[in-house]
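> Sequence lines, in order, name chains A and B.
Residue numbering for the first sequence follows our numbering, beginning at 1 and increasing consecutively.
Residue numbering for the second sequence follows our numbering, beginning at 1 and increasing consecutively.
Some hints could be false.
Taking lysine to aspartate or glutamate and the EDC-like style, the derived pairs with C-alpha atoms no more than 16 Å apart in a straight line are [as the list claims (entries may be wrong)]: (1) B/Lys-132 <-> A/Glu-54; (2) B/Lys-485 <-> B/Glu-459; (3) B/Lys-416 <-> A/Asp-36.
Take a look, some chain A residues computed to stay more than 12 Å from chain B by CB distance [claimed, not checked]: (4) Leu-5; (5) Phe-17; (6) Ser-20; (7) Leu-63; (8) Ile-64; (9) Ser-72; (10) Gln-126; (11) Tyr-181; (12) Asp-211; (13) Arg-214; (14) Ala-224; (15) Ala-225; (16) Thr-299.
Derived from the structure by calculation, the hints contain no laboratory data.
From the three backbone atoms N, C-alpha and C, an ideal C-beta is built for every residue, glycine too.
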Amino acid sequence: MFAYLVRRLFLMLVTLFGISIVIFFLLRIVPGNIVDILFAAAGYVDPADKANLEKELGIDRPLIVQYWHWISGFLRGDFGYSYVSEKPALQEILPRIPITARLAGLALLFSASIGIPLGVISAVKQGTRLDYALRVVSLSGLSLPSFWLGLLILTASVAMFGQMPIFNPNPRTWLEAFATYAVPAAAVGFRSAALTMRITRSSMLEVLRQDYIRTARAKGASDAAVNYHHALKNAILPVITVIGIEAAFLIGGLIVTETVFNIPGVARFLVEAIRWRDYPIVQNLVMFIAVVVVFANFTVDMLYAVFDPRIRYTD
Amino acid sequence: MRSVWALAATAALSLLAFSTIALAGEPKQGGILRIYHRDSPANASILEGATYSVNVPFMGVFNNLVIYDQHIAQNSPDTLRPELAESWSWSSDNKKLTFKLRQGVKWHDGKPFTSADIKCTFDLLMGKSQQKLRQNPRKAWYNEVNDVTPNGDSEVSFDLKRPQPSLLAMLASGYTPIYPCHVSPADMRTHPIGTGPFKFVEFKANESIKLTRNPDYWKKGLPYLDGIEYTIITNRSTAILAFVAGKFDMTFPTHITIPLLKDIKSQAPNATCVVEPTNVSTNIIVNSASAPFDNIDIRRAMAMALDRKAFVDILFEGQADIGGTMLPPPQGIWGMPKDKLETIPGYGRDVNANREEARKLMQKAGYGPDKHLAVKVSTRNLAEYRDPAVILIDQLKSIYIDGELDVVETANWFPKVARKDYMLGLNLTGSSVDDPDPSFYENYSCGSERNYTNYCNKEIEKLFDVQSQEIDTNKRKQQVWEIDKKLQEDVARPIIFHARAGTCWQPYVKGVTIMSNSSYNGFRYEDLWLEK
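One chain only, chain B, in its complex shape (with noise of 0.2 Å):
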């Protein structure tokens, strides 16, 4: 008999804790969301910015035809979800691309959302409307659409002029939402009408960006958050002072420097904190236009002298990683393995042996312990260029390179490099997606306008296009795995390490992922809630 009540009493107290979890767990309706944003953003217009201090605050305004899964970290072409689209299928020669449309979504100036408002969104962004962006700069990733074509109102087709599969990642990306046909890109930047699950209600300029829920959102009973508040602080230290006062209950996305990660955990030590990949990379710019750098063996030497292991561990204690042009695994979908990565002369792990071979070429480029090469190493006035700059230029002291900083504000940072006034120059390229298509035909191929260094080989081009139109994700793997290797031996743009950085919030936010191989697409928070 006592057996049965012990037995009674487990299963009461079992069912009471299984309640109180599923209660835990079961999202509430309500509350404000605040945020520290990291400086003022330009406007709210997201398809002209191009930094992720516009996407954060005003993805939530809007929605994609596709979306990568906002619950999964790693994007990938596993996780895209349909949205306004209701689905998507391809042609049978992959050069038409039909999306299914949503019915019955509304902007939030309560007109309806129709397939012209998809063929208005991709004529902007083309540069086919009357109405032109102030800035469009990610028209290039649409260079393969030929156009886009409503079929009625329910349907719209992009029809393409050869195969491009990352089409649907570049339409999933949070710098992707749809705009609507009646209000001007003018009007856009000041007040963003979307069909998303938050309203805008005002950006005031160095002070605070504020959302409201949508009652009306097309997902019925999203979003949880009752609206979300980002108040500017361009202080760091402020910033994070008044997140761990409680003043705010998540701190800016990859905002936090792994160092600054343990005060905030001394500090707030029930705040929970994740670090992860934020796929930007910084590198190496190298005029090679001029001497010296026009010497191939010097430009090898250098690359070789990096000790990428040292700049790891002394800006990032240990967490940040070691790749080529794409982001490397777990992480990155494309990013060579370790074993590849290896055999890229340079990324050996003696880097003694390294430094050895590269004080050679430099010796027979006519240097030596006599006879330094003094170079300037240009690079932006902020912290994230500045602090590797440094250490990059005590490393090539190990082939006989004296280096000079040269730090540049950001107003000229980029009209010095696009006039090729630098020798050589520490920079940093993120990736909104990703995908080898845009970090390959931005960044590497002949005439693009973000290709700084100007490198140009026509039979590396021809391979981009190879794997931008290969279906299969394994043999497009391993193609651009050979690209990649093949621009690092080149020196085209060496990679020193793709950082990461923190993010935390207070443990009565619930829902919210940060996504691990791109800082762009993880912002819609519809059902993030607080359980307070």
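With the rest of the complex left out, here is chain A (with noise of 0.2 Å):
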């Protein structure tokens, strides 16, 4: 298991080094920097103002002096300044991802505690009334798009209620906290759940197949105990490993979700940075993105040995 912990942790430094090239160079390669977008909006240029913002911000200079100045700082813990706000790009970044991380928690403990056991009762109830009414709901939330639900339910409850659910950073109640958060992470979480609806229906399908299944059954196990203790333990792999990509594929449909609600989280941040080519800021979100993705299946990889001894033994 220690082989294995260490093999994992060498693969993840090695990728998220690779991932610290592909996300400079592929920001340089994107046509128009800061400095354009700022002349073009101002529909002028002045190429000794030009040269000179060029210079004060530092990409003048070659790409490579830049990648060294930007990694080691960023090593450092030294993340630079913001382009646009000219604010330190941490204290630009840090307030906004607890409101994302709440939103994205949400969002998958809502498709886990609903996708699980809907996908257990889909498999158990196979053919009947109740599969087929479920397998149309995981259907319809694989084929919403997460801005549409949003925007659906705001119209909806402006429409009936007169309110609308979108951020409040000082909630006066108990329902206006939940509201923020809550509603959106359904909005967001609706297609992972569903998605993690069906691949729990086909996982337990095809474990309640197996002899051992049946020989629990012939030995007198409970229906409970069956499906829950010895069938939903062995289907659960899979389910493990879409929640976990789905919890990378989430910041992804959260960068609609939270424009769409209008939460200042990461998510819509990066967008707005992207926007601007606020390299400082674009490259090391996308950085924290993607160290907490590669963390996020190096946790799945252990899981998997926790729940298959097969995978710490081999590997």
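Mind docking these for me? Both chains are given alone in their own frames, and the hints should help you get the complex.
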């Protein structure tokens, strides 16, 4: 197990180094920089002013020097200054992380707590009306884009209640606080829950047909014991994989959801930073997301080893 | 006797009604005005900004020397009011403009305002000071200013190279606040200090902008509001729904398109909504430096093929204006009257006749039903650019021009235009001041940075100078109309239409005036109040 852990950690570091290179150079390939955008917005360009600004921001230096400046700073914990707000990048990024983390956590919780039980029920009740109904719900979840669902929720809230669950930084009541995060989390987590449900269902169906399940039933084990103790435990591995992947995909979903619900999280902030070509923000934020995703995968790998002893013995 | 009682009762009721009206009209102190903001401005420095996304939230932090009356919708030379200047006077040769300054005004950090601050501000704008603005988009406004000289603490003079009556108009723009000497341009981008009715509290990028009441404001009793909070909501649907749900007291000014205005009126019938011209023209930029548009016949044919009314009907349900370079009357001060406008080729009411003539010009240039001209129509990747570009492509088909839409990201739009890497472009041009000087010099003078098409006509340029020095407004109008007509005939930058947009506010918001010939000058909000 220790060797497995070390090997995974080493792979993680190599991956992060590769990602840092990709992030940095992909960003430079995108046409235009902050100076172009500032002057484009002003509708004029003064070559001397432009050169001064590029020099001031350090984007006139060779790319390799810029990369070294960024990555060495990143390793020292110096994340530079936002080109737009002229505030330290960390000061801009840090307050937004808990907001997105809460939203993503709630969305994942929604996904797992709805998707897994409904998937099990759907598998156990295969071919019944309930199964068909649940499959329709899951198919809807996969088909509805989260931005559309978000707008639908907002429009319905205004039309039906005259209220709107958009972000409130200082909620006065418990209900407001709940609505601030729960409604957008449900909007973004609905697709994820649908996927989890479908994977749980198919994985459960496969396991329920195994010989040892029949043996357990023959030995007189209750339905609940068979379904949740024997079957679900063995069917859960693909579900964990999907939830791990979904955690990474959630960032993409959150960009849209944060925009629609006007939540000042990192996902929306990232899009704005890309629009402005605010390199210090984009580089550090994408690197942060990469670290989260790589750690999520690492955690999934570790969970594999915990749930399936064959992996920790053979790998 | 009965009639006496009836008379007394009527008088009492009238008195009651009158006092109720009077009470309802009495401004109330207090309350926070909540407005959504359409996007996150780059910074808080109005002098460095080139979008009203900066003016709207930060104009309340500052004062100008002079300002347009905030309660008269049409900015004109008659609506100029003193602000940090108590009065102004021109020298007999109209080459010196002297302002007598208000005394006892303090900056938000407690330091006194003096004539040195005026000098600093204009030295910054003219690029004469040690400290530099990171961007200085309106430097050209002060090309005719030799120097700004303080005469003691209470007076300042602008020495001009030649008479330029429009200087006052530019000084009254929301784009011309007075900055303090003792705060650097870099600090003004992140924490602006002004003398205005509201103090800056915080600006969280992509989140919010907060202003609070300046208790030491030099206009006693003002502002009425305790503060203003702008919540940045980039998604227009979310923003409008939030306004309808009562989360905001006011929409972002001139942010509502005509079709969306209908939605608001149906969902929030009590809201007050107005539609006004934005003084932003949608126009065509033509690369006349290379084929095929180096041929004046093809340029003229293109201009004559335009069905401007169709643009206005499709995009604005009829609520936009057709004109030349200057915003057309009645909201525009300097726009050509309709009868004069219709004498310009392509502006005539008979579109089919115009197009028939255009087709003849195309045939003369070698194109026809069997030989179409293929062009790329480049434009920015924003709805207000893309939508008219699509209509333009459709209309050009009628004169054997097959257009292909070339959508360009904002970051690449200006560099592309500057290096003349386009054939036809659909562009938007905003005027922060309804005055011919900024419009003509910025967009049409030889060598100007914003003259994207490189149109250069020395004869016209001489006329620019003539009208710019004319003191008599009526005479100047005649000169401006002739210039505008000539610019349209030369197909310098064919104007398609002048847009209009809507603004809405809740019924308890009082004292709002949306300017009808500029989107940049009406956001001081010092006497705006909430009847709650």
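> For each hint, tell me whether it holds in the structure or not.
Now the hints, each set against the structure:
1. B/Lys-132 <-> A/Glu-54: Between B/Lys-132 and A/Glu-54 the Cα gap is close to 15 Å, so the pair holds against 16 Å.
2. B/Lys-485 <-> B/Glu-459: Distance of about 14 Å is within 16 Å: holds.
3. B/Lys-416 <-> A/Asp-36: holds (11 Å)
4. Leu-5: holds (39 Å)
5. Phe-17: holds (29 Å)
6. Ser-20: holds (23 Å)
7. Leu-63: Holds, because the least Cβ-Cβ distance between A/Leu-63 and chain B comes to about 18 Å, which exceeds 12 Å.
8. Ile-64: holds (23 Å)
9. Ser-72: Fine: 26 Å to the nearest Cβ keeps A/Ser-72 off the interface.
10. Gln-126: A/Gln-126 clear of chain B: closest Cβ-Cβ about 41 Å, beyond 12 Å.
11. Tyr-181: holds (16 Å)
12. Asp-211: Holds, since 54 Å exceeds 12 Å.
13. Arg-214: holds (54 Å)
14. Ala-224: holds (45 Å)
15. Ala-225: Non-interface label stands for A/Ala-225: nearest chain B Cβ at 48 Å, farther than 12 Å.
16. Thr-299: Holds: least Cβ distance 30 Å, greater than 12 Å.
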